[in-house]
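Peer 1: Single-letter residue listing:
There are 2 protein chains.
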Amino acid sequence: MNPIRPTRILGLDPGLRRTGWGVVDCAGARLIHVAHGVIAPPQEIAFAERLLFLFEAVSAVIAEHAPDEAAVEETFVNNNASSTLKLGHARAASLIAPARAGLPVAEYAATVVKKAVVGTGGADKSQVGFMIARLLPAAGKTTADAADALAVAIAHAHARTARNFRGAA
Amino acid sequence: MNPIRPTRILGLDPGLRRTGWGVVDCAGARLIHVAHGVIAPPQEIAFAERLLFLFEAVSAVIAEHAPDEAAVEETFVNNNASSTLKLGHARAASLIAPARAGLPVAEYAATVVKKAVVGTGGADKSQVGFMIARLLPAAGKTTADAADALAVAIAHAHARTARNFRGAA
Numbered sequence: 381m382n383p384i385r386p387t388r389i390l391g392l393d394p395g396l397r398r399t400g401w402g403v404v405d406c407a408g409a410r411l412i413h414v415a416h417g418v419i420a421p422p423q424e425i426a427f428a429e430r431l432l433f434l435f436e437a438v439s440a441v442i443a444e445h446a447p448d449e450a451a452v453e454e455t456f457v458n459n460n461a462s463s464t465l466k467l468g469h470a471r472a473a474s475l476i477a478p479a480r481a482g483l484p485v486a487e488y489a490a491t492v493v494k495k496a497v498v499g500t501g502g503a504d505k506s507q508v509g510f511m512i513a514r515l516l517p518a519a520g521k522t523t524a525d526a527a528d529a530l531a532v533a534i535a536h537a538h539a540r541t542a543r544n545f546r547g548a549a
Numbered sequence: 381m382n383p384i385r386p387t388r389i390l391g392l393d394p395g396l397r398r399t400g401w402g403v404v405d406c407a408g409a410r411l412i413h414v415a416h417g418v419i420a421p422p423q424e425i426a427f428a429e430r431l432l433f434l435f436e437a438v439s440a441v442i443a444e445h446a447p448d449e450a451a452v453e454e455t456f457v458n459n460n461a462s463s464t465l466k467l468g469h470a471r472a473a474s475l476i477a478p479a480r481a482g483l484p485v486a487e488y489a490a491t492v493v494k495k496a497v498v499g500t501g502g503a504d505k506s507q508v509g510f511m512i513a514r515l516l517p518a519a520g521k522t523t524a525d526a527a528d529a530l531a532v533a534i535a536h537a538h539a540r541t542a543r544n545f546r547g548a549a
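Going down the list, the sequences are from chains A and B.
Counting from 1, position 65 in the first sequence corresponds to residue 445 in the numbering used here; the numbering is continuous, with no gaps.
Counting from 1, position 17 in the second sequence corresponds to residue 397 in the numbering used here; the numbering is continuous, with no gaps.
Please keep in mind that the hints were generated in silico from the structure rather than gathered at the bench.
Any given hint could turn out to be false.
Unchecked claim - Chain A is faced by these chain B residues, among others (derived, beta-carbon under 7 Å):
hint, residue
1, E429
2, F435
3, G468
4, A472
5, L475
6, V485
All residues carry an ideal CB built from backbone N, CA and C; glycine is no exception.
Let the sequences and hints guide you as you build the complete structure.
Peer 2: And the structure:
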């Protein structure tokens, strides 16, 4: 395999109350933690303003860390139609911001993300957090939302490395 | 009542396949049609790109017509969770774009919009189209999506005039 310029991946775990984000450099099979965080819009502002807050905060993360690609978790679809609708709104902010910055945006189901990081699609949050600490020791302490976002970035790193191998075969 | 500088209102009827928009000037009880149209993103592009298309097209309408305020229909919540989630995404594009342009963004339930235009919350699409042709004769022929968007703008015009009357009392 040829040496590969590291690809910087932005992972996003979207939510209206909290959107987790994580940036990881991926050079072949090597993963390097860059940064992570959680975006929490003030809850007392109007709905459109909360979405704008998410959109602008994701755009600011992109401006600061200049990722090459983005990956967004396919959020759990709730039985409650009203909360599903809200989730869709929040997720759009995490999709439009990187698309607007010209990044390719991949989407991964939560089960695919868990499988990539823990080895099983049925893993719980504590297992994801444990594996993020092992795979990205430089990340230090992460909240569940940031750990999930880093896990999405790792799932994308794996998927694109697998594609590169297939492409080279 | 003092003479009022016309307020320009952008009405939006969001949808992933078609987002209707309509711009109306409102001076007291007088309504003047400015423009309307339908945004239909290409369906073969990636989901994030379709959302970006909606976002940028709504932003372009705002740049061209310079509305003072925006009003967005509260889209029907479907029983199908997956289409409800998609609807949420599309709606976010119609909320973030005007919020980003600094416009106040109001939201109105479909029943409130129909009641404002037709007089009953249970009106069907043809009744809305008929009343739009009566209230805004300059609009000419409108598709259902554009008529709905103009109806949202009218509903907002009525609501804000009612607020001004209350404010003046």
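Peer 1: What hint numbers does the structure not satisfy?
Peer 2: none
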